[in-house]
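For reference, the chains in residue letters:
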Amino acid sequence: MSARLAPKTDAAAAIRLERLQFSWRGGARLLDIDRFVVARGERVFLQGASGSGKSTLLGLLGGVLLPQSGCVAVLGSDLSSLGGAQRDRFRADHIGFVFQQFNLLPFLSVRENVLLPLRFSARRRHAVLRRGEAIAEADRLLRALDLDPARHAHKPVGALSVGQQQRVAAARALIGDPELLIADEPTSALDADARGAFLHLLFDECRRAGATVVFVSHDRGLAPMFDRSLRLADINATLRMGTN
Amino acid sequence: MRVLPLALKSLRNRLGTALLTALTIALSVALVLGVQRIRSEARESFASTVSGTDLIVGARSSPVGLLLYAVFHLGDATNNVSWQSYQDIAASPDVAWAVPISLGDSHRGFRVMGTTADFFAHYRYGARHPLEFSAGKPFDDVYDAVLGAEVAHKLGYALGSEIVLTHGTGRIGSEHKDKPFRVVGILARTGTPVDATVAVGLAGIEAIHVDWQSGAQIPGHTVSADDARRMDLTPKTITAFLLGLKSRIATFGVQRAINDYDAEPLTAILPGVALQQLWGLVGIAENALLLVSGLVVLVGLAGMVTALTTTLGERRREMAILRALGAPPRLVFGLLVLEAGLLTVAGAAGGVLLMYAALAFAQGFVMDAFGLALPLSPPSMLEAALLAAVLLAGLLAGTIPALLAYRRALSDGLSLRI
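Heads up: the sequence lines are chains A and B, in that order. Letter by letter, the first sequence follows residues 156 to 399 in our numbering. Letter by letter, the second sequence follows residues 6 to 423 in our numbering.
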């Protein structure tokens, strides 16, 4: 589906970084990744301390930032070859994000927040409408993430607990079946029990949709739940030099 | 992409601030519309102080000067017009009617105007409104007087009241005590200088001056009021006169003939033209007023820019969320411009309502106090243009916070940590 947007680099890979180098303007090199590949459907745990370039890496994967050199290919599309508007559309169509907290627009209800990506992506809107009504799908996702739509769908998001808000954010990231889910410390505001429960619900839904998961966190305790786990330092050359 | 529902819901979420901002704009818009409306009505009312009169004739002077003393009763004529010239011109074939005016006396600060009963028949103001009597009738007897609405109201006169005229126009002057006048009519309010005028017959003006010379009564030669009646009370001079022509096409010809009149140097003016010239003089003040109210609108919009810009900090996260969902930076820009636009539209609509509410409230009072009609008419072209300008300015002002948010959206990326 992305073939029309960019030349295919590796159809099998969800993410493929090669000889990627990035530094903020005027700053030292932050990322220097020779090669990093995530297969489709794989669930990867990426561990890194804050300030290690995690957020920058996610910005690169989302196409909000561009590397100075090297290749960022997501789902076979080389993001560097796309224009700004195309990258915005690519992100809307193919990637769901869940952040640490405050993921939701405070002026929209729970259900409106879940439906929000459909406003920006025709592809995801059609994916939902093929199966039925958008509201029904939003409610199904809320239910799958253990939120009763009858009780919560119309609430302002501020009325929910932090854990509930994160589950709403997950439902929003997953609506319309994006191929890639990128989660940035989504559980750090939750207590240990809620953390496990949240991940189980998230994984169930990702498995159903066949989504690839890249999960970034400093909390190594969650690593065993993933197919593969690695440290950002393992792939980022600048960190290896810095820590030695 | 449909940004409108997002903008609406975002504003609803900050309803208090949004309403205050819109109210600020509404007040400023109401002010500028109100000033514009009063300005145009005042101009209208001013320009229609005299209507239906084709020419005003007086001794040779500047057109504005003649207009000022003959119609507005401001200042004094430098010279009079002889009765002979008046009769001569009034008898010319193009003239339909002529109304003489004789000024120079006063009553407790209000000007006294000697004229004929034809004045009430031919004087028109506004959209050719004739004068109406709220009580009584035109003067008939030598010592009858008709009061303007303001005179009767301020001095508390009613029909039958006796008034004494003062020689000259100052508050202190010799009084014509021996020949008091009786109020026989009171005019309805017109919003013109007629309201502040005491109208008497030309014969009355003559009668009180038969035994006067050089501004004082001749000692030992006093003539009683009744004796004066039996004298010839035809005036020798008048101050000015109004002319109505049989055909308006003849106006310029008659004007030229009067300006070239051999027997006496005279000036004939077209009231409409002279009123425009005079308004050009006083118009500077009302333009300044409109300018100031326009600045108030700018202050209102500046308030909106401040309100929107201060929310940007707390809304940084909101913008980053939209970006993560795939919103292009121009959507962030559009969202803020749209919010500014919505606030301005709400403010402008509120301003229009406020203006009409204020008009409805003040209408009666303004009519009573200033004789100025403020009809609740739909917005004029100029008012619509003002509103459009306000909307445009609002959208332009909105680009300031929008540009800030746009630049931030680009540099912040997806980072939600602040």
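Some clues are possibly wrong.
[As the list claims (entries may be wrong)] SDA-like cross-link-like pairs, simulated, lysine to any residue; straight-line CA separation at most 20 Å: (1) B:Lys14 - A:Val199; (2) B:Lys14 - B:Asp373; (3) B:Lys182 - B:Pro198; (4) B:Lys14 - A:Phe275; (5) B:Lys241 - B:Tyr266; (6) B:Lys14 - A:Gly313; (7) B:Lys159 - B:Arg413; (8) B:Lys14 - A:Pro311; (9) A:Lys310 - B:Asp93; (10) B:Lys14 - A:Arg266; (11) A:Lys310 - B:Leu20; (12) A:Lys310 - B:Lys14; (13) B:Lys14 - A:His309; (14) B:Lys241 - B:Gly39; (15) B:Lys241 - B:Lys14; (16) B:Lys159 - B:Leu415.
[Stated by the list, open to error] Pair ranges (Cβ atoms, derived): (17) B:Leu13 - A:Ala305: 24 to 32 Å; (18) B:Thr311 - A:Ala344: 46 to 54 Å; (19) B:Thr22 - A:Asp374: 37 to 45 Å; (20) A:Ala183 - B:Ala394: 45 to 53 Å; (21) B:Thr22 - A:Leu385: 44 to 52 Å; (22) A:Gly239 - B:Ala365: 50 to 58 Å; (23) B:Thr22 - A:Ala344: 23 to 31 Å; (24) B:Ala394 - A:Gly238: 32 to 40 Å; (25) A:Leu385 - B:Pro10: 41 to 49 Å; (26) B:Ala354 - A:Ala183: 53 to 61 Å; (27) A:Arg195 - B:Ala354: 50 to 58 Å; (28) B:Leu13 - A:Asp189: 27 to 35 Å; (29) B:Ala354 - A:Arg383: 37 to 45 Å; (30) A:Arg195 - B:Leu409: 23 to 31 Å.
[Claimed, not checked] Incomplete in silico selection of chain B near chain A, CB under 8 Å: (31) Lys14; (32) Arg113; (33) Arg321; (34) Ala332; (35) Leu419.
Keep in mind the hints are simulated off the structure, nothing from the lab. The model shown is predicted, which means the values in this text are computed figures rather than measured ones. Ideal Cβ positions, reconstructed from N, Cα and C, are used throughout, including at glycine.
Status of the hints after comparison with the structure:
1. B:Lys14 - A:Val199: violated (37 Å)
2. B:Lys14 - B:Asp373: With Cα atoms ~47 Å apart, lysine 14 of chain B and aspartate 373 of chain B exceed 20 Å; violated.
3. B:Lys182 - B:Pro198: violated (26 Å)
4. B:Lys14 - A:Phe275: holds (17 Å)
5. B:Lys241 - B:Tyr266: holds (18 Å)
6. B:Lys14 - A:Gly313: holds (15 Å)
7. B:Lys159 - B:Arg413: At roughly 66 Å apart (the allowed maximum being 20 Å), arginine 413 of chain B and lysine 159 of chain B break the hint.
8. B:Lys14 - A:Pro311: Status holds; Cα separation ~12 Å.
9. A:Lys310 - B:Asp93: Cα-Cα ~91 Å, so violated.
10. B:Lys14 - A:Arg266: holds (14 Å)
11. A:Lys310 - B:Leu20: Roughly 18 Å separates the two Cα atoms, so the pair holds.
12. A:Lys310 - B:Lys14: At roughly 14 Å apart (the allowed maximum being 20 Å), lysine 14 of chain B and lysine 310 of chain A satisfy the hint.
13. B:Lys14 - A:His309: holds (14 Å)
14. B:Lys241 - B:Gly39: Violated, because 49 Å separates the two Cα atoms, which is more than 20 Å.
15. B:Lys241 - B:Lys14: violated (81 Å)
16. B:Lys159 - B:Leu415: Since the Cα atoms of lysine 159 of chain B and leucine 415 of chain B sit roughly 70 Å apart, the hinted pair is violated (cutoff 20 Å).
17. B:Leu13 - A:Ala305: 24 to 32 Å: Cβ of leucine 13 of chain B to Cβ of alanine 305 of chain A: about 26 Å, so the range 24 to 32 Å holds.
18. B:Thr311 - A:Ala344: 46 to 54 Å: violated (33 Å)
19. B:Thr22 - A:Asp374: 37 to 45 Å: holds (39 Å)
20. A:Ala183 - B:Ala394: 45 to 53 Å: Holds, at about 52 Å.
21. B:Thr22 - A:Leu385: 44 to 52 Å: With Cβ atoms ~47 Å apart, the hint holds.
22. A:Gly239 - B:Ala365: 50 to 58 Å: 54 Å Cβ-Cβ, so the 50 to 58 Å window holds.
23. B:Thr22 - A:Ala344: 23 to 31 Å: Once the Cβ atoms are compared, 28 Å apart, the range 23 to 31 Å for alanine 344 of chain A and threonine 22 of chain B holds.
24. B:Ala394 - A:Gly238: 32 to 40 Å: Since alanine 394 of chain B and glycine 238 of chain A have Cβ atoms about 37 Å apart, the given range 32 to 40 Å holds.
25. A:Leu385 - B:Pro10: 41 to 49 Å: holds (42 Å)
26. B:Ala354 - A:Ala183: 53 to 61 Å: For alanine 354 of chain B and alanine 183 of chain A the Cβ distance comes to about 55 Å; the hint holds.
27. A:Arg195 - B:Ala354: 50 to 58 Å: Check passed, 54 Å falls within 50 to 58 Å.
28. B:Leu13 - A:Asp189: 27 to 35 Å: violated (49 Å)
29. B:Ala354 - A:Arg383: 37 to 45 Å: violated (59 Å)
30. A:Arg195 - B:Leu409: 23 to 31 Å: violated (40 Å)
31. Lys14: holds (5 Å)
32. Arg113: It is violated, given that the least Cβ distance between arginine 113 of chain B and chain A is near 68 Å, above 8 Å.
33. Arg321: Since chain A brings no Cβ nearer than about 10 Å to arginine 321 of chain B, farther than 8 Å, the hint is violated.
34. Ala332: Alanine 332 of chain B check passes; min Cβ-Cβ to chain A is 6 Å, inside 8 Å.
35. Leu419: Status holds, d = 5 Å.
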